[in-house]
Amino acid sequence: MRSLQKKVKAIASVLCSCALLMTGTVLPVVSADEHYNVYNYDRWSEATPSQAGYAAARAVSGQDLGCGDLNTLQDIYRDSENQFYLVDSGNNRIVVVDEGFTKAVDEYSTFTDTDGSKTTLSAPEGIFVSEYTGLMYIADTGNSRLLVTDMDGNIQMSLTKPDSTLYENETFKPQKVVVDKAGNIYAVLNNITNGAALFNSSGEFQGYYGANAVEATAEVVAGYFWNLIATDEMRANSSRNVAAGITNFDIDDEGFVFTVTMSSSSESDRVKKVNPSGVNLFSGLDVTFGDLASLYDAATNQTFSTKLVDIDVDDIGRLNCLDMETGRVFQYDEDGNLLFIMGSRSDQLGGFSLQPTAVETMGSNIYVTDGLKHTVTIFEETDFGEIVHEAVGLYNDGYYEEALEPWYEVLRRDGNYRAAYVGISSALLNQGDYEGAMKYAELAESSLQYNKAFEGYRSEWLDANFTWVAIVLIVLIVLFIVYRHFKKKKQKKQPKNLVEMLHEGEEE
Amino acid sequence: MMDLTQKQWVKHTVFHPFEGFEDLRWKKGGSVLFASIVIVLWFIGAILYENFYGQQFIMSSTKMFNIVPFIVQTIVLFLTWVVGNWSICTLLEGEGTMKKIYIYSAYALIPYVVQLYIQVIMSHFMTRDEAIFITTVEVIGVIWSVVLMFMAIKAVHQYSVSKTILAIILTIVAMLLILVLLVLLVALFQQVYVFATSVYTEISYRMKV
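Line by line, the protein sequences give chains E and P.
Each residue of the first sequence is one higher than the one before, counting from 306 in this note's numbering.
Each residue of the second sequence is one higher than the one before, counting from 16 in this note's numbering.
These are calculated hints, taken from the structure and not from any lab test.
There's no promise every hint is true.
[Claimed, not checked] Some residues of chain E that are not near chain P, with every Cβ distance over 10 angstroms (derived):
1. Tyr-346
2. Asp-374
3. Gln-660
4. Arg-763
5. Lys-792
[Claimed, not checked] Simulated crosslink set (DSSO-like; lysine-lysine; CA at most 27 angstroms straight-line):
6. E/Lys-793 / P/Lys-22
7. E/Lys-794 / P/Lys-78
8. E/Lys-793 / P/Lys-223
[What the hints assert, rightly or not] A few chain E residues that face chain P, going by a derived Cβ cut-off under 8 angstroms, partial list only:
9. Trp-349
10. Glu-750
11. Ser-752
Here the structure is a predicted model, which is why all the values come from computation and not from measurement.
Quick reminder that beta carbons are idealized off the backbone N, C-alpha and C, glycines included.
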């Protein structure tokens, strides 16, 4: 009796847990309540509907933070203690916000200069706080200077237009600033195409960094040849081919600078990963950042093409790129694989005005500032986003088999997610399940992955069936030889016919 | 001498690139049926090549299968070649008739067509490291067919080498002209069709009122 009871109990519990599992996995977590169409790009570079990886949780205004209205937010920066620095450009101040984004904890509007006098900001556009130097770097655009202050607002250094002969430009309007571990200061300057200005830690101008190259389009090449035969007057009237200046940048923990360029003419320079010697490590990457094709909207008679205004590298190395044109944030993993697209241009929560300005991350949250709405929108990871991030993280670190379960879960929620098929295929390949790996590689349309799996499958198959293959081959060869032999015998008979034919000819 | 069946003629021309077509012409061999079979096999082979190639070599797979491009790229292309070559070579004192050009050109394509099938089969047994074997097959097939095609045109019109080259270049120009005219014609007929249908709808609406 007891054993029977136990059995019934066991069966019941198994059934229960099964039911739980079923509901847990089958319940579709549909793309939250996003008011825009969430999409991703498929194998053929076409937009396909997808699950949302992020959902807009809330939008925070100055009133919510208790620091008065914000006006024209230009930049947002998170320091190592998870405090946020908002560049409130219209009010000429820096607002410091706490980790939970609930209240303003500090505000910088006046600074004490080195000689003791007070000074204020004028339309600042960028900020950076370095954990290594403990200083705050402010791009004070309106005053044409770059302020380096301590956390109490005492100015340590004020960088203005360099006297150096290396500096080739008339103006000095720093807009964005980052600082590396050694304290070198990189500043994006307005209207300057040579790249970012680079200062060393004591404020001396070192040169330019990370300039874009002119893309050799047909027009540019043709222009070059025209210039060879043109008169001076014609040359003076023709437009110059100048690479677009970089728009914004960010620096990761390893000292790589990620730049974005807004100009729609240079697709290959849209996002660059620049190493300390100025080489673009993304140049060999076959990735188009942002929307792949520009979109024509017949209702408003507008063409939307990607114009990235800001980039943020989070602690794990993911890239978040903000597109001003469509108000979308494109999230990529460290290798440039698209993970999610979020945001839109609209008035609702999760939508942006014509002027989203900056993007920042903390953990899995994404913060986007809007220069016309004067708010900060906070995106939070959805369940789906969490699973994808887990899988991608494991996969990119080489834990293919550990990533298997999350990938399956991703597919349960979104069968269009191509990276999942590649991930599962890699895991199965590692486990030695070549046939499964081939199946998923085929579904992913990844020929490289399929090739690896097929190689394993073939050698395994040959090992198992070598005797049969050998026997079949030998039989075929023997049959062929026999066939040839009989054919030759037949042909030997033919001369008779020829002779007969010849005789026939004689008779005629 | 050389009383070959039609099947044997096919073999003879393919494996005797330099005198095969002359013999074929001399003995008045060659059949439209076999030529048509070759073209149909080419058409099927082209489809297989695009859609049933080994997964490990595919760079971009088709999302939607459409048969029209394959018809244009094989059958229409071949017919254009025949018509173009005939129209040029009639002016250049060539001896070939349209039927002969059709047969000889089709026979010349055999190595290329066979190569398509061999490639597709091999692609299912090879990995990317061994792609060189497949490329070898492809190169051999293409060169063989080019040589055959040259000799075929030379034989069918009884041209010298230099005149054959000229004829082939002019044929390609003629093919382009024919295709442009075809596209133009299709576009024009479309206009006529649109006009006719709009007149019809207009009248049918008036009738109702």
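Quick rundown of the hints versus the structure:
{"no.": "1", "hint": "Tyr-346", "in the structure": "13 angstroms, holds"}
{"no.": "2", "hint": "Asp-374", "in the structure": "50 angstroms, holds"}
{"no.": "3", "hint": "Gln-660", "in the structure": "37 angstroms, holds"}
{"no.": "4", "hint": "Arg-763", "in the structure": "7 angstroms, violated"}
{"no.": "5", "hint": "Lys-792", "in the structure": "13 angstroms, holds"}
{"no.": "6", "hint": "E/Lys-793 / P/Lys-22", "in the structure": "19 angstroms, holds"}
{"no.": "7", "hint": "E/Lys-794 / P/Lys-78", "in the structure": "54 angstroms, violated"}
{"no.": "8", "hint": "E/Lys-793 / P/Lys-223", "in the structure": "82 angstroms, violated"}
{"no.": "9", "hint": "Trp-349", "in the structure": "5 angstroms, holds"}
{"no.": "10", "hint": "Glu-750", "in the structure": "5 angstroms, holds"}
{"no.": "11", "hint": "Ser-752", "in the structure": "5 angstroms, holds"}
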